[in-house]
Structure formats: structure tokens, C-alpha cells
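Novice: Protein chains in written order, with this note's numbering: chain A, 1 to 366; chain C, 1 to 366.
I should point out that these hints are in silico values taken from the structure, not numbers from a laboratory. Careful: at least some of the hints might be erroneous.
[Stated by the list, open to error] Estimated spans, in silico, between C-beta atoms of each pair:
1. A:N136 - C:N222: 44 to 50 Å
2. C:E167 - A:N136: 27 to 33 Å
3. C:H201 - A:K93: 18 to 24 Å
4. A:E200 - C:K289: 40 to 46 Å
5. A:K163 - C:E341: 35 to 41 Å
6. C:Q108 - A:T220: 58 to 64 Å
7. A:E200 - C:G94: 26 to 32 Å
8. A:N222 - C:L127: 45 to 51 Å
9. A:T220 - C:N222: 55 to 61 Å
10. C:K106 - A:N222: 58 to 64 Å
11. A:N222 - C:M81: 31 to 37 Å
12. C:E219 - A:A61: 55 to 61 Å
13. A:K163 - C:E219: 28 to 34 Å
[Claimed, not checked] BS3-like cross-link-like pairs, simulated, lysine-lysine; straight-line CA separation at most 25 Å:
14. A:K163 - A:K131
15. A:K93 - C:K202
16. A:K202 - C:K93
17. C:K268 - A:K268
18. A:K163 - C:K163
19. C:K202 - A:K163
20. A:K37 - A:K289
21. A:K202 - C:K84
22. A:K289 - C:K268
23. A:K84 - C:K208
24. A:K208 - C:K84
25. A:K105 - A:K131
26. A:K202 - A:K216
27. C:K163 - A:K208
28. A:K289 - C:K289
29. C:K41 - C:K289
30. A:K202 - C:K163
31. C:K202 - A:K131
No experiment lies behind these values; they were computed from the predicted model shown. Quick reminder that beta carbons are idealized off the backbone N, C-alpha and C, glycines included.
Protein chains: 2
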Amino acid sequence: MTGEPVSSQAQARPITISVDAMGGDAGPAVVVAGLAKSAKKNPNIRFILHGSEELLTPLVAKRRNLQNRVQIRDARNVVTMEDKPSQVMRNGKGTSMWSTLDAVKKGQADGAVSCGNTGALMALSMLRLRKMPGVNRPAIAIFWPSLNPQGFNVMLDVGADVKADAEDLLQFALMGVSYARNSMDLAQPRVGLLNVGTEEHKGRAELKEAHGLISKEAETSNFDFVGFVEGSDIPGDVADVIVTDGFTGNVAIKTGEGTASLIRSSLKEAFQYSLLSRIAAVLALTSLKRLSKRIDPRRVNGGVFLGLNGTVVKSHGGADATGVSAAIKLAFRLAEQGFSEKLAARVASAKEPPQDEQTSAHSEAS
Amino acid sequence: MTGEPVSSQAQARPITISVDAMGGDAGPAVVVAGLAKSAKKNPNIRFILHGSEELLTPLVAKRRNLQNRVQIRDARNVVTMEDKPSQVMRNGKGTSMWSTLDAVKKGQADGAVSCGNTGALMALSMLRLRKMPGVNRPAIAIFWPSLNPQGFNVMLDVGADVKADAEDLLQFALMGVSYARNSMDLAQPRVGLLNVGTEEHKGRAELKEAHGLISKEAETSNFDFVGFVEGSDIPGDVADVIVTDGFTGNVAIKTGEGTASLIRSSLKEAFQYSLLSRIAAVLALTSLKRLSKRIDPRRVNGGVFLGLNGTVVKSHGGADATGVSAAIKLAFRLAEQGFSEKLAARVASAKEPPQDEQTSAHSEAS
Numbered sequence: 001m002t003g004e005p006v007s008s009q010a011q012a013r014p015i016t017i018s019v020d021a022m023g024g025d026a027g028p029a030v031v032v033a034g035l036a037k038s039a040k041k042n043p044n045i046r047f048i049l050h051g052s053e054e055l056l057t058p059l060v061a062k063r064r065n066l067q068n069r070v071q072i073r074d075a076r077n078v079v080t081m082e083d084k085p086s087q088v089m090r091n092g093k094g095t096s097m098w099s100t101l102d103a104v105k106k107g108q109a110d111g112a113v114s115c116g117n118t119g120a121l122m123a124l125s126m127l128r129l130r131k132m133p134g135v136n137r138p139a140i141a142i143f144w145p146s147l148n149p150q151g152f153n154v155m156l157d158v159g160a161d162v163k164a165d166a167e168d169l170l171q172f173a174l175m176g177v178s179y180a181r182n183s184m185d186l187a188q189p190r191v192g193l194l195n196v197g198t199e200e201h202k203g204r205a206e207l208k209e210a211h212g213l214i215s216k217e218a219e220t221s222n223f224d225f226v227g228f229v230e231g232s233d234i235p236g237d238v239a240d241v242i243v244t245d246g247f248t249g250n251v252a253i254k255t256g257e258g259t260a261s262l263i264r265s266s267l268k269e270a271f272q273y274s275l276l277s278r279i280a281a282v283l284a285l286t287s288l289k290r291l292s293k294r295i296d297p298r299r300v301n302g303g304v305f306l307g308l309n310g311t312v313v314k315s316h317g318g319a320d321a322t323g324v325s326a327a328i329k330l331a332f333r334l335a336e337q338g339f340s341e342k343l344a345a346r347v348a349s350a351k352e353p354p355q356d357e358q359t360s361a362h363s364e365a366s
Numbered sequence: 001m002t003g004e005p006v007s008s009q010a011q012a013r014p015i016t017i018s019v020d021a022m023g024g025d026a027g028p029a030v031v032v033a034g035l036a037k038s039a040k041k042n043p044n045i046r047f048i049l050h051g052s053e054e055l056l057t058p059l060v061a062k063r064r065n066l067q068n069r070v071q072i073r074d075a076r077n078v079v080t081m082e083d084k085p086s087q088v089m090r091n092g093k094g095t096s097m098w099s100t101l102d103a104v105k106k107g108q109a110d111g112a113v114s115c116g117n118t119g120a121l122m123a124l125s126m127l128r129l130r131k132m133p134g135v136n137r138p139a140i141a142i143f144w145p146s147l148n149p150q151g152f153n154v155m156l157d158v159g160a161d162v163k164a165d166a167e168d169l170l171q172f173a174l175m176g177v178s179y180a181r182n183s184m185d186l187a188q189p190r191v192g193l194l195n196v197g198t199e200e201h202k203g204r205a206e207l208k209e210a211h212g213l214i215s216k217e218a219e220t221s222n223f224d225f226v227g228f229v230e231g232s233d234i235p236g237d238v239a240d241v242i243v244t245d246g247f248t249g250n251v252a253i254k255t256g257e258g259t260a261s262l263i264r265s266s267l268k269e270a271f272q273y274s275l276l277s278r279i280a281a282v283l284a285l286t287s288l289k290r291l292s293k294r295i296d297p298r299r300v301n302g303g304v305f306l307g308l309n310g311t312v313v314k315s316h317g318g319a320d321a322t323g324v325s326a327a328i329k330l331a332f333r334l335a336e337q338g339f340s341e342k343l344a345a346r347v348a349s350a351k352e353p354p355q356d357e358q359t360s361a362h363s364e365a366s
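Build out the structure end to end from the sequences listed, making use of the hints.
Specialist: Printed below as a string of C-alpha cells:
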């Protein structure tokens, strides 16, 4: 199901990413700069760019490596960070966000990227692209810096919905496995279910139920289930995929981000304390930059919406050109691998009775 | 209700802390070293120490400043980290943990400290000390390093229970306010309710209800309600007290701890990369130590159980002597301030109809 050789012809086909130029904190110039960064590195990429044509045409014209590779689609309205998802679902038509998703819906683009309002983007994505057959609750998955050999874990859901029942958590596990396999080249990802302790009797009822469901599924699908994991394992090395509901996941990643930023500012303060510490800081600059690169959120910018008919990548609202380019790269890579189709196949196969998938000769007891 | 002048006589009265010598990862020698540290700094402190008399007598005898200040109570059984709370509730009698709480129950000690199993300690505390009148769900509160002037926020619940309804969250807010006032000398603490966004329409139903309840209470009690806060605000400066359920709170603090430890190890790696970076590290040592001290979890070691008839401080299982001493200091300070009585008064006053508490001349509308 996974790991089929991709023919060289398929690899050579240009891939088109539909990009929302509006709605980010830094404005369309930064988005266009991100496009230019990606275009420079990747000859195989094309763009459909959505927003005010008047604004975008001169921005694109200035970038030589975007010539003949960007189609601009005029969209006059913008979804702001303050707009409620329910409002956007009623009045979203005509916004750059809608137009961005529409190009994926119509098969004109292979994936979408937006820096806009997460709630609105999820609501419009569900409306326009619809949920994948067999998926009850889509999820947002992110990469999180970790002690794993690959340097990152996949975590989901980090905020598509505030709740998830046991069945949803099983689907998150399956989607997370597929995402980890396709984005990080892991043949046998390890899945952990987030809880307040690792003992099986701990936590909420739906978690105990999900423990059973995921454990059973691991026997027939190609992943390892490491059982319950704790918050400290999110940046740890016991699992590659961390499964949780969108409320807990959202609080966890924001706590992690807040903690990292507290340490960053304390580190800065510590180095500005005295003349000697300033000298040390200059000497330590390379080391600090190395650290900074390792935990730079821009390098892993992009939450992926899983469980929809099409790939949507949510870039951080405050992303700079490097961040936008990283989100585009992620959308490109997933499109190149036919990730959306692979994911649909995996979700569908889990719905079939296990005996249809594989007839196991050995006992399944215990 | 708060801030009454404490008479000098009351201040001079020796305060006795009941300490569980067993159950920590590092064993009783470290606990006794923690006692010695506290005794050295604080002439007003006395101890009742619980555990194997055979083990403890020589450990205490070696410390000169513990002479005549420690009463050892022989308790042969130990609650281990693996014991389930339900088992401990049935068979806990005779353990050092039980004996530690018993001294508080009987009024022989002014507060209890244990490095043992959190779930078991909470279960035994509820059994022995009972819930405070008017409290439905006790909570565990901790200090969390933050950008606030006082350097820390209070966060609760971080794991007493996996759930909390709107009424529980209101009680957590009141208990957190009282704790922040007594432990950090804040006259008017700012309370934030943890959610996935700051807009009032966001989040789970019980959070919206709690928002209304806490908001109303803030009008008559001496605290500010800043509304919903996000994970990034836990180490931030918008609130002094972060209120959440025990599941979310537990995941959040462990994620924060994990992130800090990932950065610590990456920082170490970055500085060991080359000869130059090693030289820089030597020069930067003072700055790094300053940072390390600022975010040192040992300095704020101690989760406090709120909502029980008596003060119980849970020290980190892996605490060293400095950590144990910090937990003892916290228990001492709370006892000295009569915190448990103040907290009971606050919870009780919130139960009364507001007009009994204060007749407000101005309109309460909006």
C-alpha cells in the first residue's frame, strides 16, 4: 500500500500548489517571498496565488524566478484572524481562502497552503473538500522537535476539534501513521496515546477504550503501539506519532512553544547581564545559532489537515518567507507522494473486517 | 480575611512539619539531607519523620543541626511508585505515607511533605484529612516559571483528578487566588481560564459555563478575571493563576518540562560541537548558570494539595536535598500564614449569597 516505486515520469510532472496570499500577519509580500524561495529550490513547482490581483501582480513581477510559474486569481475578500468560523462558512465565498481551496477541489492544484485563521480554514476545508470517506473527525497534525533520530514527532490533533472519542482517536492513530510514513520515511512508526500516566488503568474512559482499539489495529497494520505516553514524551523519543484530542493537543503545543520562548528570552537576558557575559555571548554565537536552528519552529512550519479529500497545509500566521516556503515544501512533498490517496486507502482498509486484509495463521490471543 | 497582622508570639511558635522519609526515588538519606538544609536556615522549624526507625536514626544522628528537632516515627511499610491508589487506600495503614498524614490529622504537625507516589498521596490525603467543607474536588497546584514580575504563575489542577466541571473550575479559581495571595504576596491575583483560544465562543461547554461563574465571582472577591488564556500564557505574563482540569494541566506541565529538557540537552550538544564552542561554553558558564537557576525546577519544588483539611506538599519523586528543602519551606510558609484556615474561609464565603458578604451600592450590571 505504501512504498510503491514512484515512476520517474510521475516525479517529473510539475506540481501545482494553491496558495492563499492574504490573511497572514505579515501580508502578501512575505507570502510571495516564500513562493520565490521555493521556486528557486524546486524547478518542478507551479503556483496558483489567490488574493487582490492589484496587489499581487507587481509583487510577483519583481521576482524573476516566479516568471511563468504563477497564476494569479483575483479574490477581493479576506478572512481575518478575528472572523468566526461560522461567519466564514456563511459568507466565505469570494475570499482568497475559499478560492485557494476551490483550486484543489476542482483538481487544478495538488495541494493548498494558507497562513490564515485556522478555525476558518478548517471550516471552509470541510465545506469545500469534504471529509474523506470513513473519517468522522478530521485532525490537524504537526511536527514537534523531539529526541528521536528523525528529530521530530508527529502530533495530532492539535486543534481541529475540541473533542475526540475512542473511534476518532483510532482514526487519528491511523492517519498519523500514514503521515509519519510519507513525510518522514518511517517504515514502522511507533504510536503513543497521550495520557496523564503510562499505566493502563489511568486516565479518562475514552482513552482506555482507544487503547484497546489501537492496540488491536497495530496487530494487522504496519505500526507499533507503545501504549500511553505522557506530556514529557511529546519532545521525547519513545514514540514517533503522539495521538490526542484537539483540546489537549492545542494546549500542549502552545505550552511547549511558550516554554521555549521563555527560555529563549531568559537566555538572552542571561547573556546581557555583564560585560563578560556579552563577550561570552559573541563567542557562543555559533553554538547558540546551532541550537536555534534545531528548535526553529519555522523549519517545521505547517500543520496538515488530515482526513479531507485533498491536502491542506496551515502555515503559522506569523510565518516569514522561510516559514511560508517550508509550508509549501511540505504541501509539495505530500502531493508528490500521492499522500492523500494513500491516506484514503489506509482509512478504508481499517474499516474492513481484519480477515479480509490478512489471514493470520498464528493465534491472536493475548 | 487576608493580610491580618500576625502577632509576634504566633510567629515565634515553632512549626512542625511531618515528613515522609520513604517513597522518593533517591531514598531516605536525601530526605534527611533536605531536613538538615531547612533546619540550618530556619531555627523555628521542627520535624516528625516517618519511616524505618532503624534506617532513620543513624541518618538523623549524623546531622548536628537536627539534634532535638526531629521525632522519628517508625513505619515499616512503604508506598511504592508502582502502587495503585485503590490498593493503597485499602492497605495503606502502616506505611510511612499514612503515618505522615496522620500526624497532621491529629494536630501534631502543621503540614505534611512527601516525595512519594502522587496518586496514592492524594488518595490517602482524602481518606485521612477529608475534603474541606464546600470543596467538591481537591486540586494540586504548582508554581510554574513565567515572565511575571514574581517569576512564577500558580497553575491548578495539575493532576488530582482527570476531570472538572464548571463548579469545580470556579473552586479551583478561588483556591488558586488564595494560594497565590499567601505564597506570593499578591494582593489582587489575575486569574486565567485555560482554553484553546481567547475568544469567548471557543472551547468546551463546561469552560464557557465556568467563564460566567468565575467572572461573576471576581466582582465580589478580590481578584481580576482575565478570561480565557492559552497554553502559551502558562509561562507568560497575562495571568498569575492558571485554572484548568487535572488532565489538561498534567499534560501541559509535563510538555513544558519535556520541552525545557530537550532544549537543555540541545544546548549542551551545541556547546560541545567544536573546540571554539567549548571555550565559549566555559566563558558563558556564569550566564548559563544564571539561566539554569531561573528555570531550575528544584527551586519551586512542591505541588500543594488544595481543598483538604490540612496542608500537604507533594515533592518531586526525584528531588535532591535542595528540592526536599524547598518543599519543606513551602509547607512551613503556608503553616506560618495559617493558609489552610484562610482557604477554608474563602471557599465558605463563596458559598454564601453575595449580598451577605458585601452590600454593593453601585449597579452590578455588565
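Novice: Please go over all the hints and tell whether each is borne out by the structure.
Specialist: Now for the hints, and whether the structure bears them out:
1. One distance hint, 44 to 50 Å for the beta-carbon pair N136 (chain A) and N222 (chain C), holds here, with the actual separation near 46 Å.
2. For E167 (chain C) and N136 (chain A), the Cβ-Cβ distance of about 31 Å falls inside the hinted range of 27 to 33 Å, so the restraint holds.
3. Remark: the range hint 18 to 24 Å for H201 (chain C) to K93 (chain A) is upheld by a beta-carbon distance near 22 Å.
4. The supplied range of 40 to 46 Å is met by E200 (chain A) and K289 (chain C), whose beta-carbon atoms lie about 41 Å from each other.
5. Between K163 (chain A) and E341 (chain C) the Cβ separation comes to about 40 Å, which falls inside the hinted range of 35 to 41 Å.
6. The beta-carbon spacing between Q108 (chain C) and T220 (chain A), approximately 60 Å, falls within the hinted interval of 58 to 64 Å.
7. Against the hinted window of 26 to 32 Å, the Cβ-Cβ separation of E200 (chain A) and G94 (chain C) comes to about 27 Å, which satisfies the hint.
8. For N222 (chain A) and L127 (chain C), the hinted distance range of 45 to 51 Å is satisfied, since their beta carbons lie about 47 Å from each other.
9. For T220 (chain A) and N222 (chain C), the hinted distance range of 55 to 61 Å is satisfied, since their beta carbons lie about 59 Å from each other.
10. The hinted window of 58 to 64 Å between K106 (chain C) and N222 (chain A) holds, with their beta carbons roughly 59 Å apart.
11. At about 34 Å, the beta-carbon gap between N222 (chain A) and M81 (chain C) stays in the expected band of 31 to 37 Å.
12. Under the hint 55 to 61 Å, the C-beta atoms of E219 (chain C) and A61 (chain A), about 58 Å apart, fit the expected range.
13. The hint said 28 to 34 Å for the Cβ distance between K163 (chain A) and E219 (chain C), and at roughly 31 Å that hint holds.
14. The hinted pair formed by K163 (chain A) and K131 (chain A) meets the criterion: a straight-line CA distance of about 17 Å does not exceed 25 Å.
15. Only pairs whose Cα atoms come within 25 Å are accepted, and K93 (chain A) paired with K202 (chain C) is accepted, the gap being roughly 23 Å.
16. At most 25 Å may separate the alpha-carbon atoms for a hinted pair to count; K202 (chain A) and K93 (chain C) meet this at roughly 23 Å.
17. The suggested pairing of K268 (chain C) with K268 (chain A) holds, with an alpha-carbon distance near 16 Å, which does not exceed 25 Å.
18. Among the hinted pairs, K163 (chain A) with K163 (chain C) is consistent with the structure: their alpha-carbon atoms are about 14 Å apart, no more than 25 Å.
19. Note on K202 (chain C) and K163 (chain A): the hinted pairing holds, with a Cα-Cα distance of about 12 Å set against a maximum of 25 Å.
20. Among the hinted pairs, K37 (chain A) with K289 (chain A) is consistent with the structure: their alpha-carbon atoms are about 21 Å apart, no more than 25 Å.
21. Taking the CA atoms of K202 (chain A) and K84 (chain C), the gap is near 10 Å; set against the 25 Å cutoff, the hint holds.
22. For the proposed pair K289 (chain A) and K268 (chain C), the alpha carbon gap of about 13 Å is at most 25 Å, so the pair holds.
23. As the CA atoms of K84 (chain A) and K208 (chain C) are separated by approximately 16 Å, the hinted pair is consistent with the 25 Å bound.
24. Between the alpha carbons of K208 (chain A) and K84 (chain C) the distance comes to roughly 16 Å, so the proposed pair stays at or under 25 Å and holds.
25. For the proposed pair K105 (chain A) and K131 (chain A), the alpha carbon gap of about 12 Å is at most 25 Å, so the pair holds.
26. For the suggested pair K202 (chain A) and K216 (chain A), the alpha carbons sit about 19 Å apart, so the restraint of at most 25 Å is met.
27. Taken as a hint, the K163 (chain C) and K208 (chain A) pair is honoured in the structure, with Cα atoms around 15 Å apart against an allowance of 25 Å.
28. The hinted pair formed by K289 (chain A) and K289 (chain C) meets the criterion: a straight-line CA distance of about 19 Å does not exceed 25 Å.
29. As the CA atoms of K41 (chain C) and K289 (chain C) are separated by approximately 23 Å, the hinted pair is consistent with the 25 Å bound.
30. Distance check on the hinted pair: K202 (chain A) and K163 (chain C) sit about 12 Å apart at the alpha-carbon level, within 25 Å; holds.
31. A distance of roughly 22 Å separates the Cα atoms of K202 (chain C) and K131 (chain A); the hinted pair therefore holds under the 25 Å criterion.
Figure legend: structure checked against the earlier numbered hints; every hint is met.
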